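Trainee: Next come the chains, spelled out residue by residue.
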Amino acid sequence: MNLSDKAKQHVDSCRFCWMCHHICPIGNATGHERSTARARALGISLVNRGAIELPEIMDNIYECCTCGGCVNVCVTGWDPVMFTKETRLKAALEGALPEYINKLVDNCLETGNAYGETEISAELKKAVDAHSAKTDTLLYLGVDARYKVACQAVKAIKVLEKAGVEFTVLSDEPASGSQLDFLISAADETKKQMETAAKVFGEYKTVVLYDPNDAKTVKQLYKEYGIDVKAETVTYTTFVAGLLKDGKLKAHNTGKTVVFQDPYQLSRDLEETEEPREIIKAFATLHEMLLNRKETVWAGNLLMAEYLPDVIGEVAARRLYNVESIHENTVVTACVSEYAALKSVKQDKIEVLSIEDLILG
Amino acid sequence: MQYQMNEFLFAMILTELEDAVGKENCSTRAIDRVTHSVDYYWLSRMWADRGCRMPEADIIVCPKDAEEVSKVVKIANYYKLPVTTWGAGGGTQGGALPVCGGILLDTKRMNKIYEVNTEGMYIECGTGAIYKHIEWAANEVGKATMHYPSSLTCSTVGGFLAHRGIGVCSTKYGKIDDMVLQMEVVLPNGDIINTSSAPKHAAGPDLNQIFIGSEGTLGIITKAQIRIFDQPEERRFRGFLFQDMTGAFKAARELLQKFKPSVMRLYDEAETASLIKKVVGVERKGAFMNVAYEGDREMVEVEEKILLKTFAKYGAEDMGSDYGKKWWDEKITFFYPGYMMDIPQMFGTMDTIAPYGKIEEIYWAMKEAIETNFPQAKFIAHFSHWYEWGAMVYDRFIIDGKDVPKDPVEALRLHQAVWTCGVRTALAHGGVVNDHHGVGIKLGRLMKEQYGPAMQVFEGLKKTLDPNGIMNPFKLGL
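Protein sequence lines, in the order shown, are assigned to chains C and P.
Per the numbering used here, the first sequence starts with residue 1, numbered consecutively.
Per the numbering used here, the second sequence starts with residue 362, numbered consecutively.
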């Protein structure tokens, strides 16, 4: 496998290092030793040394959620996410992807989403159609909200309506490239999707990115891949926090005490930790979990649930336990995918809310 | 009965194990076998670095509790398959390596925190919990485990118990064997037992201490009650430069008759030279000692007075508190790749312990033995776990990559030779095989040399509890 020199250096540094063993949300949920940065690095290093074949490690390469918890705690600055993503790209180029990943990639290329969905729900369609007129502001919902958690997409629209914002929602959103980036990293197909989306975004003055995964992709990865977005891009939470600050949204006390689940894309990648808290504090009392802000623990997502549903259930359940352990019973999320993962856990102790739920009451 | 494993029988056994722990927690995948074949032991790392595959387990099982562990060992006993217990793989002695194949039992699904008891001051947890996780659980209620080894984030509760681990605050709070109240253990025959409900008793020998340090050879510890402590109101640091180690040992011994600091780290001249340069910007000869003392603020005030008075008596130069604070904040940083020794270097820590009067002699003897017999090796040491009666020496050898044979078997030979030389020297001068990293496969051959006829006690336990010899074979010299 022809990895870059940088990736090889990081692989060889991580293969015998255990220092981030405690942090992997998947490793902690499953108890599986292979779900650690060092196991992944060891596997890749052995492929590089001809001791094991690439297809034998690929399942494990796709067991990484790329949340960057390991990167965040590494004092030296080694980056397991980087070499994991590069291995995915190389495997794609060498035709060594697992079949279930190929299927998701094909779906992305054919329909713009890994789920292969083409229709949105009637309720969401109605909400979207109400904002089909072109304005300066685009609310970009993203594929998870559109196809998997439509009720939250509708609520995201309602919050902006409540604040009197004039905005557009596209009936046919271009893919941001975030799912392809997760699946095959910086492949030509990924960049092509990103370029198409960037062109559409450029037609607006402001693009509000509802899904933190898209926000990370557009605000961070586009730059890394040299893709220019003409519009101002802003996360949904920053935008809504601004509406509160400007008095367009009115705070009210719901009487709830809640815990906030920081999406890693916001807290670690975009360094946005306080805006969601400003929103929450306008409607509830905030009680912090021990692992918050940059130290947040990923609570699952929809894309990986396509091929590891049980594991995602365990990851989400473990995060709910963190809420329970500080004797709280309500958690608020700012990521539609984490919301879905947490909601999917069969339990009745912890109420799972989105920021929109909190605002709309 | 001796038999040869065959494809049919293997498939049969696999289904039994899947039935015991669930199919998703039972693996024969290459990535799992490879992952569990390399731990922190230098030889396993070197072997993998050279592109070789270490001995691998045939089946990896991840039970969720003692009941499932019991089922696994019963199956293993019936088919006479080796069972190697794995925590997180952070051990340096190869104790968790499945050198005979068979079943590897990974404990990390047993990571549940059952109870945080602030009245009894303990946390009850599965032994597969990463120690940092129980530290977090303690912190959530304003307490702390006070067990802070460099491997805090790398290792499980069971891993520390299995090889008698230790943390940097041991002088005040104790080793892991001081930190456990009660344990649940699965015996090799599958019986699930509990040790005494309290550790300090006169109801016969302490069962805890039979299993702590047994490295999975006598049973599998599945649950433990681990002590927690109040967070100290204050923690202070002070650095001192002694003219030589002899003076430092005298001062430390006297200090420990008066009170117990949490951290005490004495560095030999080689390590002192580089450390002092960091502290004051110039190289100074001598022996540097970093001390931390903590607890109730009033007590800390008194302890500081005693410390300064005692060390001044032995001519120690007060170097202030800056270094100690920085060291505390970065105490784990030193173990990240880029800061820590790594392949292609060959290196090892030959920690041993002895009473005052012997420990410094051991240091000099080991230094001479290593530097004389292996001139390509650098020898450095510090002393970081102290008692009223003695101390531990954490002595390291480091060989530059250019002096390490490329051929893996030749590299193995050199590694073995250095270790044998170092540990035999320690034994000859009153030391022990190891202080807190355990024995594993690395040092098993030297256990009989330390214990002599006393080894029959361990062998008797082994024979009685594990008559088929399936539990972690070739570890601990058993």
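Derived by calculation from the structure, the hints in this document are not laboratory data.
Values in this document were obtained by computation on a predicted structure and should not be read as measured data.
Some hints could be false.
Unchecked claim - Simulated pairs of lysine to aspartate or glutamate, EDC-like, Cα-Cα distance not exceeding 20 Å: (1) P:K473 - C:D310; (2) P:K646 - P:D679; (3) P:K473 - C:E314; (4) C:K6 - P:E476; (5) P:K619 - P:E630; (6) P:K493 - C:E288; (7) C:K294 - P:E501; (8) P:K425 - C:E314; (9) C:K349 - P:D703; (10) C:K256 - C:E314; (11) P:K473 - C:E324; (12) P:K504 - C:E324; (13) C:K8 - P:D703; (14) C:K245 - C:E314; (15) P:K493 - C:E324; (16) P:K384 - C:D59; (17) P:K493 - C:D269; (18) P:K384 - C:D348; (19) P:K767 - C:D12; (20) P:K384 - C:E56.
Unchecked claim - Which bits of chain P does chain C cover? Going by a derived footprint, with three or more residues having C-beta under 8 Å, they are: (21) 392–406; (22) 443–455.
Stated by the list, open to error - Partial pick of chain P residues on the chain C-facing surface, computed with a CB cut under 8 Å: (23) E385; (24) T389; (25) C423; (26) K469; (27) N472; (28) Y475; (29) E501; (30) G503; (31) T514; (32) T694; (33) F696; (34) D703.
C-beta atoms are modelled at their ideal positions from N, C-alpha and C, and glycine is treated no differently.
Trainee: Against each hint, give a clear statement of whether it holds in the structure.
Mentor: Hint check:
1. P:K473 - C:D310: 18 Å, holds
2. P:K646 - P:D679: Roughly 15 Å between the alpha carbons, so the hint for K646 of chain P and D679 of chain P holds.
3. P:K473 - C:E314: 13 Å, holds
4. C:K6 - P:E476: Cα-Cα ~45 Å, so violated.
5. P:K619 - P:E630: The hint is violated at about 27 Å.
6. P:K493 - C:E288: 19 Å, holds
7. C:K294 - P:E501: 18 Å, holds
8. P:K425 - C:E314: 13 Å, holds
9. C:K349 - P:D703: 47 Å, violated
10. C:K256 - C:E314: 27 Å, violated
11. P:K473 - C:E324: Judged against 20 Å, a Cα distance of about 14 Å means the pair holds.
12. P:K504 - C:E324: 18 Å, holds
13. C:K8 - P:D703: Since the Cα atoms of K8 of chain C and D703 of chain P sit roughly 15 Å apart, the hinted pair holds (cutoff 20 Å).
14. C:K245 - C:E314: 38 Å, violated
15. P:K493 - C:E324: Answer holds: K493 of chain P to E324 of chain C is near 19 Å, not above 20 Å.
16. P:K384 - C:D59: Given that 20 Å is the threshold and the Cα spacing comes to 16 Å, the pair holds.
17. P:K493 - C:D269: Between K493 of chain P and D269 of chain C the Cα gap is close to 24 Å, so the pair fails against 20 Å, i.e. violated.
18. P:K384 - C:D348: 28 Å, violated
19. P:K767 - C:D12: 17 Å, holds
20. P:K384 - C:E56: Holds, because 19 Å separates the two Cα atoms, which is no more than 20 Å.
21. 392–406: Holds, because 8 residues of the segment 392–406 of chain P bring their Cβ atoms closer than 8 Å to Cβ atoms of chain C.
22. 443–455: holds (count 4)
23. E385: 7 Å, holds
24. T389: 12 Å, violated
25. C423: 5 Å, holds
26. K469: 4 Å, holds
27. N472: 6 Å, holds
28. Y475: 12 Å, violated
29. E501: 6 Å, holds
30. G503: 12 Å, violated
31. T514: 4 Å, holds
32. T694: 5 Å, holds
33. F696: Holds: closest Cβ of chain C sits about 6 Å from F696 of chain P, inside 8 Å.
34. D703: With a minimum Cβ separation of about 7 Å from chain C (threshold 8 Å), the hint on D703 of chain P holds.
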